[in-house]
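We have chain A already, so just place chain B on it with the hints.
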Amino acid sequence: MTKPEFTVTQYCRIRENTISKNGNALFNNPNEPFSRFADNAYRFLNMAYPKFHKMDNLSKLGLLASDIMLNNNNLWNKYTPFEVGVVLSNQNSSLDTDIKYYEQVKKGVASPAIFVYSLPNIVIGEICIRNGIKGENSFFISDHFNASQQVQYVNNLLKSNVVKACICGWIELMGNTYDAFLYLVEKSGDTKGSPFNIQTIEDLFNNKIE
Amino acid sequence: MTELKENLKKQIVEQLNLKDLNPADIGDDMPLFVEGLGLDSIDALELIVLLQQHYGIKLAKAEDGPIVFKSVNTMAEYIMANKK
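Heads up: the sequence lines are chains A and B, in that order.
So for the first sequence, the numbering used here puts the first residue at 1; every next one is plus one.
So for the second sequence, the numbering used here puts the first residue at 1; every next one is plus one.
Just chain A, with the same shape it has in the complex:
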């Protein structure tokens, strides 16, 4: 069997008050709204990153997922900051924060701290700042998770050597409904994982791979 060119080496899922990494449940905090779930997860993970508390919920979701996925990954033993990219997507963009900002504007005084999160790609910025990533990044909006589009786009980045590793996935949040699915793609080597193709990504997203 031919070795795949690129491999999904890590993945993480956060939804319905549960965090899992590579298919194994790490943290469960039932019946809590997202803001309290996120705060409790932050403490559970000993993140020690005070800026987390200033973020909007979409960025908190992305940061939690990336922290969990990249923990013990030794990314910087293998790549320079410009060799790691981030490609994410979701359905509702930054609408959750946009609505909060709009409600404040109607009252007369709006918070600059909320305004700065009224774009969906800010979550990418927060992940990059936290991890020192400086490579190519993009954020796509679509009705549903489009594995085909993402695999094709990220394949192009990897094959053209724009990046050597890429954090990819779906970071969706609206109110207390959220779903984060992040995965790391790297050039196939000694690292174990699943071949990076549409079928793998669809299966991971649909929980068909444990």
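Hint data in this document are derived by calculation from the structure and do not stem from the laboratory.
Worth double-checking, as some hints may not be accurate.
Said to hold, decoys possible - Below, computed lysine to any residue pairings styled on SDA-like, alpha-carbon distance capped at 25 Å:
#	chain 1	residue 1	chain 2	residue 2
1	B	58	B	20
2	A	164	A	137
3	B	58	A	109
4	A	51	B	44
5	B	19	A	98
6	B	19	A	129
7	A	164	A	4
8	A	51	B	34
9	A	51	B	22
10	A	107	B	52
11	B	61	B	82
12	A	78	A	16
13	A	134	A	16
14	B	19	A	122
15	B	19	A	49
16	A	100	B	36
17	A	51	B	82
18	A	134	A	73
19	A	3	A	208
20	A	192	A	107
21	A	51	B	42
22	A	208	A	16
Frame of chain A, contents of chain B only:
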């Protein structure tokens, strides 16, 4: 003045979401930016909103910001001097 400073410390922690910090941990003369609380440029804007919301004071000149927001002491002095 002491009560004003205590209120300011609580408002700073709340408005800037400094959840890892207790208001009592903020010294009256502790620098709010860089080596002190480590606040950033967005926090500076939030402090301007705080003055407006809680004390009805609009910072007239942007260049006064670094002086006014140097510490809780300087904020309290500015409020006392400009409160209507």
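Point to revise | Violations among the numbered hints, reported as their numbers in ascending order | key: The structure breaks hints 1, 12, 13, 16, 17, 20; every other hint is satisfied.
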